[in-house]
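For chain A, the structure is supplied; the task is to place chain B on it using the hints.
Protein chains in written order, with this note's numbering: chain A, 362 to 915; chain B, 362 to 915.
There could be a bad hint or two in this list.
With a cut-off of at most 30 angstroms between alpha-carbon atoms, the simulated BS3-like pairs for lysine-lysine come out as follows [what the hints assert, rightly or not]:
1. B/Lys472 to A/Lys395
2. B/Lys589 to B/Lys519
3. A/Lys526 to A/Lys547
4. A/Lys395 to B/Lys517
If you are wondering where the hints come from, they were derived from the structure by calculation, not from laboratory data.
Every value quoted in this text rests on a predicted model; they were computed, and no experiment measured them.
There are 2 protein chains.
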Amino acid sequence: MCLLISIHNTLLREVDYKLAEQEAKEKRADELFKDFKEVSITEFFRKNKAHLGYSGKVRSLTTAIHEMVTNSLDACEEARILPEIRVDIKELGQEHYKILERDNGPGIPAKHISDVFGKMLAGTKFHRNIQLRGQQGIGISGVTLYSQITTGKPMKIKTSTGDGKVHEIRLLVNITKNEAEIVETKVYDDDWKGTEIECELRDVSYNISEHGPYEYLRRTSIANPHAKIIFVDPEGRKHVFDRTTTVIPETPSEMKPHPKGASVDDILNMAKQTSARRVSSFLMDSFTRTSNAKVEEIHESVNFDLKKNPRKLTWQEAEQIAKAFEKIDFMAPSSEGLRPIGEQQIKKAVLKILEPEFEAVLTRDPKVYSGGVPFQVEVAVAYGGKAGRPSADGTVKSEVMRFTNRVPLLFDAGGCTITNAINDVDWKRYDIKDFENSPVTVFVNLVSMYVPYTSAGKLSVAPEKEIEKEVKMALMDVGRRFQKYNSRKRREIEKETRLQALLKYSTELALAVSKLSGKDEKKILSDLKEVIKKRLRYEGSLEELTPKPKAAKG
Amino acid sequence: MCLLISIHNTLLREVDYKLAEQEAKEKRADELFKDFKEVSITEFFRKNKAHLGYSGKVRSLTTAIHEMVTNSLDACEEARILPEIRVDIKELGQEHYKILERDNGPGIPAKHISDVFGKMLAGTKFHRNIQLRGQQGIGISGVTLYSQITTGKPMKIKTSTGDGKVHEIRLLVNITKNEAEIVETKVYDDDWKGTEIECELRDVSYNISEHGPYEYLRRTSIANPHAKIIFVDPEGRKHVFDRTTTVIPETPSEMKPHPKGASVDDILNMAKQTSARRVSSFLMDSFTRTSNAKVEEIHESVNFDLKKNPRKLTWQEAEQIAKAFEKIDFMAPSSEGLRPIGEQQIKKAVLKILEPEFEAVLTRDPKVYSGGVPFQVEVAVAYGGKAGRPSADGTVKSEVMRFTNRVPLLFDAGGCTITNAINDVDWKRYDIKDFENSPVTVFVNLVSMYVPYTSAGKLSVAPEKEIEKEVKMALMDVGRRFQKYNSRKRREIEKETRLQALLKYSTELALAVSKLSGKDEKKILSDLKEVIKKRLRYEGSLEELTPKPKAAKG
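Next comes chain A alone, as it looks inside the complex (with noise of 0.2 angstroms):
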């Protein structure tokens, strides 16, 4: 619908008329840029908290403890650590609560301490090209600020990394400057490591629903098999949520990043940061999969000399390569970096926490996204048990679990691929005829080094063909083996039914051949009942061929 509209003539008299009556009163750009400022990204935080998860009450107190425990696993899979993680939460009062976190890992080098806690956008994991949970550097210094913000409290760290000296620090943050106020300092001996967080949070409640943190840490439990984590709730009770292994995930490892979806921007910053003195190591150095033959190839459709300096790279002369790399045929990323849990591991942890009738677990090939991202996906279906999610009304509805990189999303389910691609999978297809009230629970986890997040809260996967693809094969293919085990479940049904009246018919056969032909009862029921086994191809002693007695109706 195009909306080409002549002005009419009167229309437009009547808008210079307007025009000229509204120009005395406009304003002029240098007093409309009077109040012009820059502000801090904490600052920035602040007057957006949701950005970071802070909106909703329960929500909020979810997204604090994440940011811990998050920072905790990370920590200790670093440093090799089996994980013990301890959260408490005490109600102070209405919607005010204080949150201990306490782990077993490596500690904080005490000249980061007031970095980690108090300064948005400090991180060792930014640059990294590696796995982790977190990556902004934004997260913890958030709990600060949303502890500061609500209850006017400093965060309380305590920390050491094993060399004999613990450090307690109490801190706020300076919004403006975007670095923490230290409010005490205090150090002394002892033998301990690891590092343990305390702050008080108000405007948040606690509750068990499926966005509560009791549903975060037992998914967080499932995610992490070798992680033991305690927690204990507002009432006093402790959960223990166990490890199922004590097998370390291996080290995430950084990779270099792969020629493919190298963007032109990319390069000419890779070239910056480079230490090689020539374009053509420049590039065997900084990306995987591109060997000596590569960069000859690479040569060729190029029209300046590979030997020169990186630093001097030009835009256009990085748009060459960036072409070259479109046009040569690379092997595909390797998935060395990519760390999944693995089938033996989810099997394990669904197996203990929702003891399903029918499991089936899928560990998917590792795939690229955006040209050259690797990514890898694993899912999980389990159907009956404690599978599903009971409903106040009694039925069980069916629940999803979505993960990156062994991270709970409990929120934001709306715009998020795995989401979509959940939903495109139909489920009638493969014998869940109503999925949204089947006692079934979809476990998927994203694992990549970049996963796209829509938001700085890190809640919701962002649109991309590939992952939302991948995740949603890898649901057909166990979809596949759940109407299997279905099926076979039908057909042994319907064969136990058939056998039971057989079985029946028999007994009442063998005692009228029996009459009439004068032969023993006994003796012609066994010979009914071979019969029976035969045709029914049934593997059981003959003894156990006896009809059943009906069961009692409770």
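Below, chain B alone, put in the same frame as chain A:
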């Protein structure tokens, strides 16, 4: 389900063994922290483009145009100028476009140009409690960033404040420093006033879907009936979205915060910035609805002297003030800072653009959420005509248009409170049997000086009960109006059907009676029609009462 499980002894021993084994490989904290560093906000968003709305090729193009147009509309509104905005999109190659956007706004003072386009978190709007489309000082620098990382090309800005000098600047962003890198700057004499931006983007694509620039501008025009928007699409077609009013929306005015909903942290922050010398005058100056009498009331519930210097307020004292705020009754926040579009203006725009068979528009009274943030909801429902969205299969689906402060939200409908409210309405009750498949357009505009967005991309409103409720109430209201219209329409159709049946019957009857009685057939028919007219309360003339010929079937 509690997972309190005691650890089995043998497992414990195994754990100890593994722990010992792994201890040897443990990494120390200082090793893990060797890469600890701070990154700039630009670097952060470079890596997390999706937070700014740059995910997906169509969406990225729409996002860039949105940022430019939003800035132009805000500037014109503040400067009291009737906006005339021109957007040209040219295709330069595959997924490679040039955008030119020009306004007749107040221009940008020379000294601020580089910060406006090259520095994130710099702007005029962040600290002001005022209803504007933009807010964060991120959007337009984000366009410079996206242009730079996809094409390496600088943003070109031409601007004049009407002082006879035109400044032309080409700039890039320095990613690590979060500041502009001027490539070229020119000043020349000219009488023009306004701002013109030109940039090149790759990895974007243009289409006419409901997520594309055309739809974005069409909806912008509906919600900004005072703006004239000229759009030249990549095929060179010119679309003019003309203004339907020449009245500029009232200047948004800054509003003082309302005491209800002010957190302790808010009070302390404001106390630091006040020029008042006493807490009592600070409270009256900085908050709305805080009269002398109210300050007296506050005085009675705190244990310190309100003559105190506000800069010396402690958390505990501010907490007492916050508690007093909670306890005391204040007048509801004034809505003077809220700038709804207005029922008349929405109606004009809806009639012009959708030409519906039925429309209902409602601007609700202002309300508050989260204690003290004023907001207002406007809705419209249009039915029939060009309402709804034609789908590929030829049928018409329902169409939802979400707006916040007149800005169309084209993405992330999933988690948005507005969407939730729309889905929550039981449309069947209002005679829209199958909402999804009805020719209906639902328009919702949420107006507030502080919209709680879920992400920096500002496309989705975070869950707030009060907002959701207001949207729902408003929709139910216009829903009832549709129902009334529809049942009247139905009654009229029924009446018409009965009328036609009676007329047909009376013609035959008149003939028969005439034959039997010998009386004049016309007289009898006329008498019969008189009776029908009375019974059906038909108000037309008698001549019109002739049976309609059946419509020919096409």
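Going through the hints against the structure:
Note on B/Lys472 and A/Lys395: the hinted pairing holds, with a Cα-Cα distance of about 11 angstroms set against a maximum of 30 angstroms. Distance hint between B/Lys589 and B/Lys519 is fulfilled; the C-alpha atoms sit about 20 angstroms from each other, no more than 30 angstroms. Note on A/Lys526 and A/Lys547: the hinted pairing holds, with a Cα-Cα distance of about 10 angstroms set against a maximum of 30 angstroms. Of the supplied pair hints, the one linking A/Lys395 and B/Lys517 holds, its CA atoms being roughly 24 angstroms apart against a limit of 30 angstroms.
Violation of the numbered hints given earlier is absent; every hint is satisfied by the structure.
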